[in-house]
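A.B. asks: Here is what each chain is made of, one letter per residue.
2 protein chains.
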Amino acid sequence: LDYQHVQVPFEITLWIMLASLAKIGFHLYNKLPSVVPESCLLIFVGLIMGGIIYGLNDRSPPVMDSDIFFLYLLPPIVLDAGYFMPSRPFFESIGTILLYAVVGTIWNVFGIGFSLYGICQVKAFQLQDVSLLHNLLFGSLIAAVDPVAVLAVFEEIHVNEKLHILVFGESLLNDAVTVVLYKLFRSFCEMPTIKSVDVFAGVGKFFVVGLGGVLVGLSFGFTAAFTTRFTKDIRVIEPLFVFLYSYLSYLTAEMFHLSGIVAIISCAMGMKRYVEANISLKSHTTVKYFMKMWSSVSDTLIFIFLGVSTIGENHEWNWPYICFTVIFCLIWRALGVLVLTFFVNRFHVNTITSKDQFIIAYGGLRGAICFSLVFLLPDFHRKKLFIAATTVVILFTVFIQGMTIRPLVDLLAVKRKRESAPTVGEQIHIRFLDHLLAGIEDISGHWGQYYWKDKLEYFNSKYLQKILLREYDQPKSSIVLLYEKLERKHAIELAQAGQLGHGPAHPSFLCSAFLCSSSDRTVITDQKLEDTPNPDVLDNMQEILARNLYRIRRTGPAYNRHTLPGDSEPTEQAKEILILRHKSL
Amino acid sequence: LDYQHVQVPFEITLWIMLASLAKIGFHLYNKLPSVVPESCLLIFVGLIMGGIIYGLNDRSPPVMDSDIFFLYLLPPIVLDAGYFMPSRPFFESIGTILLYAVVGTIWNVFGIGFSLYGICQVKAFQLQDVSLLHNLLFGSLIAAVDPVAVLAVFEEIHVNEKLHILVFGESLLNDAVTVVLYKLFRSFCEMPTIKSVDVFAGVGKFFVVGLGGVLVGLSFGFTAAFTTRFTKDIRVIEPLFVFLYSYLSYLTAEMFHLSGIVAIISCAMGMKRYVEANISLKSHTTVKYFMKMWSSVSDTLIFIFLGVSTIGENHEWNWPYICFTVIFCLIWRALGVLVLTFFVNRFHVNTITSKDQFIIAYGGLRGAICFSLVFLLPDFHRKKLFIAATTVVILFTVFIQGMTIRPLVDLLAVKRKRESAPTVGEQIHIRFLDHLLAGIEDISGHWGQYYWKDKLEYFNSKYLQKILLREYDQPKSSIVLLYEKLERKHAIELAQAGQLGHGPAHPSFLCSAFLCSSSDRTVITDQKLEDTPNPDVLDNMQEILARNLYRIRRTGPAYNRHTLPGDSEPTEQAKEILILRHKSL
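First to last, the protein sequences are chains A and B.
The first sequence begins at 1 in UniProt numbering and counts up by one.
The second sequence begins at 1 in UniProt numbering and counts up by one.
For reference, chain A alone in the conformation it holds in the complex (with noise of 0.2 Å):
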């Protein structure tokens, strides 16, 4: 038996592997997810496994590693978050967002910090030693609502998607603000003195770590956008571009101590309008799916180790400081939430009602990225205390407010998800309205976002889709890809049913008939859709079918790594059922 060789992949392995089975199991009972977030149940597991491990050790479990969760575990999910963040609600609310991302978070490192060194003073509860700086410090970790969390939690309660957005863009956003002041308060508590130039510095580094990560995501996007152009021959590879770019841009981002999730959600939202008009179908399931697997795994493992890690023997227990800061984190973030929402709510039409309010405050939960800065933190003789601190706080948070908060979103009757997708005719209008306007901002001369909108795509469809896009010269409207789709799905349904004709309908007058009942503006390129007349179309048919006769002893099956053997094998089948079919006729 060699063990000391295979260890490391093998117990990675095997941590996948429970976290997958973990999965399976909870979604096996039904009834159980539906009360209790699927969170608590991992960190659950967790605290199950940390403890036998305890017991059977008798020494504290290993704690999780804070450079496997921020180098490994945090950036599939962040990745995955950025890539299929619904764009619009999330522009359309981007002040919003900003403002309790950038302000919100500072109010509540300041608000914690010092009400907490307030309390420090009381003697009876033995603290003084805690400084100023130091509860600052703890401040501005356990301040950053966590996006694993918040995720973990909001996408099963089906809130409206404005709440969502906000909350969720929130914990994204943040990232900036916690980096530069977790750092910052950790430099002053190892400089003797601190000049008020350090102060000024750091407040200018909010701006260069939150830009400076944009920048980042948007370079390697775009490379990435850029690089799919010449994957036609190779399709295999196509998903890895994805991957690897994203990555790096957050690593890149990480080197230079900017924001990594900053740079990975532009690098996704920049890269993947161009990534999925360049690579093919397969290559785009197999990029979804992927994503959505690795986020699924990484979340899971998050929580379980967060449970494992509880368990041991880092703590420092304080009831008072411990209690104070669970009490504080929940007064200052709603003080801020109402604050904050008084000044949005003056500026904006559409208002963010007070349920909404409440439902903010509330979904502020703590989690891995806390737990985490934690842990980095240097050594001093509170340390332990802190850890106890943080891990009450995430704790509380995930399983107190988290399994909660459905009830009270149920109780408080708060405006719910739309449940179905916006029809053709209600894009259509909606697009409209943006074009009218920013034609109305234009001439008014206010600078708004549908103003910029407008520029933004003029000069996307100008610049940006020739230099990124492989097929540029066909642009296809986007109705007209829709129509493509739906065409698709159509026909695998019909074939599924049963009730496939071979003998083709009247497609010009099928798309004549849509044409009117959608009415947009955008031409319809594709003029084989128009003016192909029934009978044309049958002689067109046989010339098809006549062709694939030959085709078929011409190509065949390979076995080869680069390409997947059932790509062309059902083709040729296909074509060969089709011949016979025909001639049966």
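Quick caveat, the hints were computed from the structure, so don't treat them as lab data.
Please note: incorrect hints may appear among the correct ones.
The list makes no distinction among identical chains, and a pair is therefore deemed to hold if it is satisfied within one copy or across any two copies.
To be verified - Straight-line alpha carbon distances no greater than 25 Å define the calculated SDA-like cross-link-like pairs of lysine to any residue that follow:
# : residue 1 : residue 2
1 : Lys-485   : Ser-280
2 : Lys-282   : Met-85
3 : Lys-183   : Gln-4
4 : Lys-272   : Ile-16
5 : Lys-232   : Phe-91
6 : Lys-485   : Thr-285
Fit chain B to the known structure of chain A by using the hints.
C.D. replies: Below, chain B alone, put in the same frame as chain A:
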């Protein structure tokens, strides 16, 4: 700048990126890969990179770590090979393959070892200090044909399937022999005296290592199939299990010093048919796509690393030893193939022609496995000589043999791969003949391959399928499945050509026409296909449409980490379009 922090993942990502970009580069210029195999080009890129690193740092570039090779780079390639292995030709030639892999490899090891020892006795060559055991050890690592190198060359030359499977199967299965002999001789080198017991124990190990690998692989494969029975509610993590269980089988086998390659191949071949039946179509696409992608990247990295590792100061040059190694490798392989094929041909109707024999002997390429094994040798004074000889043999076989094998195949007019896939009629006749032969073998009491195949098939359908398949109660005959697949393909093709009729034609007529042409014994269970007359179908469709009109308002997209948003949305839109279209008609 904090490079240290992200170094490991950053450099891994960069290497993979380099490999992918190199692949794209080669495929942009179509002429180059048709003359020079990709493996040669990649080694060449590696050589240049190694040269640059050597020039800049003035010390040897890092050699490929044997652990990285065996634990991370080799498994994806072997998994891909096993999963897509054409099982029929493989099992038809399994006897011949095993003969080449076991007896042929032993023949080569001892042939090369003893004759090199003979060379070492010549005083003029100054090699008297290389003992017989060291020569045999060297023989054991240089004798094995490398699956990665064979695959890279053979998938480009398209020889007939039997020839391909003979060379490729040998290169995979000789792993068990190589592992045993290499470890045996290495331990003998370190032992003071060798007892005859040790030699017999070594012979016994062959069976343990090979059959143990098969057992480990099959048990993990069946567990994987069993696990995918329960993934219906959580489709996104289905592909994960295919990868996790195969990798675990490899690692477990390696842990117990069994043959990891044999294990992962048995695992992949064992699980394939059950997993494919259990998982969804999209999961299946992802599995196939990702396997191809991964193996393709691994393969690229291996050849680049091989090139990089060649540069440096690890070599001790001794003309006679190196030249004679190359010559003996060629001679002993040619002799071995001749002798073994003579025996094989005496017992088979389907003989291996002399042209085929030449290609089998000439296609015995060496590659990264030899290279990794030679670096794993314990340190002794002649290790650098062995490294030099191994490098030369690899470069000689990959470059000279790899580049000349295609012209030779053309020149000798070796029987090429059958260009077309077997037609449905052929497939049915083959299956019919299988049953017939199994019956004949049963009656005549001759337990041949058809008899065993039939028994296995019976055992499979009686027990295994019931345990491992989710929907066993509705077994569809393969011809029905094929028909459904073809209908789907056909539908998509029609939709893409814009020729899809919405009015259903005569499915019953079509179906019977199809049945006439196929005349299989299997009964079509799908009654819908047979007896739905035309007007009923139309009514039915109107009903479906009416129902869908209601459903549009009920279901919609969900932003969720466990489902893909695209899944439900277009279907709904498709239905809406259908209704609009239907009304306008």
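A.B. asks: If a hint holds in the structure, say so; if it does not, say that too.
C.D. replies: Now the hints, each set against the structure:
no.	hint	in the structure
1	Lys-485 with Ser-280	both (14 Å within a copy, 20 Å between copies)
2	Lys-282 with Met-85	both (21 Å within a copy, 22 Å between copies)
3	Lys-183 with Gln-4	between (37 Å within a copy, 17 Å between copies)
4	Lys-272 with Ile-16	between (28 Å within a copy, 21 Å between copies)
5	Lys-232 with Phe-91	neither (33 Å within a copy, 36 Å between copies)
6	Lys-485 with Thr-285	both (14 Å within a copy, 19 Å between copies)
Violated hints amount to a single one, hint 5; each of the other numbered hints is respected by the structure.
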